[in-house]
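K.L.:
The listed protein sequences correspond, in order, to chains A and B.
According to our numbering, the first sequence is numbered sequentially starting from 1.
According to our numbering, the second sequence is numbered sequentially starting from 1.
Just to be clear, a hint being listed does not mean it is correct.
Unchecked claim - Computed, partial: chain A to chain B, Cβ under 10 Å:
1) PHE21
2) GLN113
3) LEU128
4) THR130
5) ASN155
Think of the hints as simulated: they come from the structure by calculation, not from any bench.
No experiment lies behind these values; they were computed from the predicted model shown.
Ideal placement from N, C-alpha and C gives every residue a C-beta, glycine not left out.
Protein chains: 2
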Amino acid sequence: MKRNKKERQKLLQETISNTPFITDEELAEKFNVSIQTIRLDRLELSIPELRERIKHVAEKKLEDEVKSLPLEEVIGDIIDLQLDQTAISMLEIKREHVFSRNQIARGHHLFAQANSLAVALINDELALTTKANIHFTRQVKENERVIAKAKMIKNDTESRRTWVEVNSYVGSEMVFSGEFEMYRSNPKQR
Amino acid sequence: MKRNKKERQKLLQETISNTPFITDEELAEKFNVSIQTIRLDRLELSIPELRERIKHVAEKKLEDEVKSLPLEEVIGDIIDLQLDQTAISMLEIKREHVFSRNQIARGHHLFAQANSLAVALINDELALTTKANIHFTRQVKENERVIAKAKMIKNDTESRRTWVEVNSYVGSEMVFSGEFEMYRSNPKQR
């Protein structure tokens with residue numbers, strides 16, 4: 001359905017705000033207009049291009065620092081982190097992440113991004129994964145950019161278990177969702 | 001409990017037959033005897049040492065050939081394969097597989113071994129993971145050897161889904177278990 005310009009620009013602004021790593025191509029498809037129209041919309045709304053948006057996010061100092069593992073052991077780039085609350089990371093799917101035969105991203109890389117983000121989220125020196133229940137909801141192809149969003153959903157100080165939900169997206173499409181049960185060395189302090 | 005020699009040797013033979021990659025150290029601990037005793041037992045029973053047992057298995061031609069992906073894309077070494085039935089692989093946990101902080105193997109490597117074995121098991125050109133339900137049941141440390149055993153447990157031609165169970169062991173201890181739901185391009189031919 002074609003929308004008028006005002007409607008479209010309002011939705012465009014919301015969409016980019018919710019999914020800042022969406023490409024102009026994806027936006028054009030979503031709103032059923034040309035890429036050129038999207039570019040003009042962004043210009044009018046003063047929304048920078050994707051590359052600039054990513055740079056901006058990457059340069060922002062993280063609110064919290066990763067505690068449970070060295071930052072370089074996180075798979076993907078952490079772009080937001082609030083310990084024991086939420087975390088976001090980005091993984092660019094390159095040739096080494098895909099099956100040679102069909103260029104589809106291998107499941108264990110999406111799992112590694114999500115699992116290491118779940119570990120990084122934990123405000124503790126030690127965090128180990130005990131269980132995971134995961135769904136691969138859409139194939140991811142080479143050159144796509146996967147944004148993983150982790151959220152702490154439950155914490156049980158007695159059993160020292162924390163549950164973390166991770167949903168991963170390419171543009172606005174969910175490609176992976178998982179629930180991780182984590183063991184932590186110290187019960188969360190409240 | 002100490003057993004007499006005859007009992008011990010019978011159990012030893014069974015144990016090595018069930019878990020061929022068990023070390024002499026693990027056997028000594030299991031039977032509560034010295035490593036030297038285990039070595040003498042093996043000598044008397046003509047059971048080769050671990051290194052020879054591994055070599056023997058690795059040199060054995062696989063009964064079937066992997067179809068769903070190139071062999072080098074399987075994580076770990078496949079040591080047995082019967083397409084659409086069972087498969088076994090071995091992964092040596094090295095420095096690059098562990099958290100630098102505590103030398104515990106990172107979950108995504110155990111997941112990658114199990115998941116790629118589940119893919120390799122499928123007698124089809126295309127096999128993609130759709131869901132997985134996994135448990136990490138015991139920490140794995142650097143230099144340990146993980147044996148993953150996959151088994152096809154269910155196949156539904158209509159939905160083109162196949163379910164594969166993978167249990168991974170260090171010695172006789174289970175370290176990982178998972179159930180994988182796989183999508184395949186062609187329904188299994190029976």
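K.L.:
Could you run down the list of hints and mark each one as holding or not?
P.N.:
Outcome of the hint check:
Because the smallest distance between the Cβ of PHE21 of chain A and any Cβ of chain B comes to about 22 Å, over 10 Å, the interface hint for this residue is violated. The closest approach between the C-beta of GLN113 of chain A and any C-beta of chain B is roughly 9 Å, which is under the 10 Å cut-off, so the hint is satisfied. Evaluation of the LEU128 of chain A hint against chain B yields a held restraint, the C-beta minimum of about 7 Å falling below 10 Å. Taking 10 Å as the C-beta contact cut-off toward chain B, the hint placing THR130 of chain A at the interface holds, the least distance being around 6 Å.
Below 10 Å, beta-carbon pairs count as interface contacts, and ASN155 of chain A has none with chain B, the closest being about 19 Å; its hint is therefore violated.
In terms of the numbered hints stated before, the structure departs from hints 1 and 5, listed from lowest to highest.
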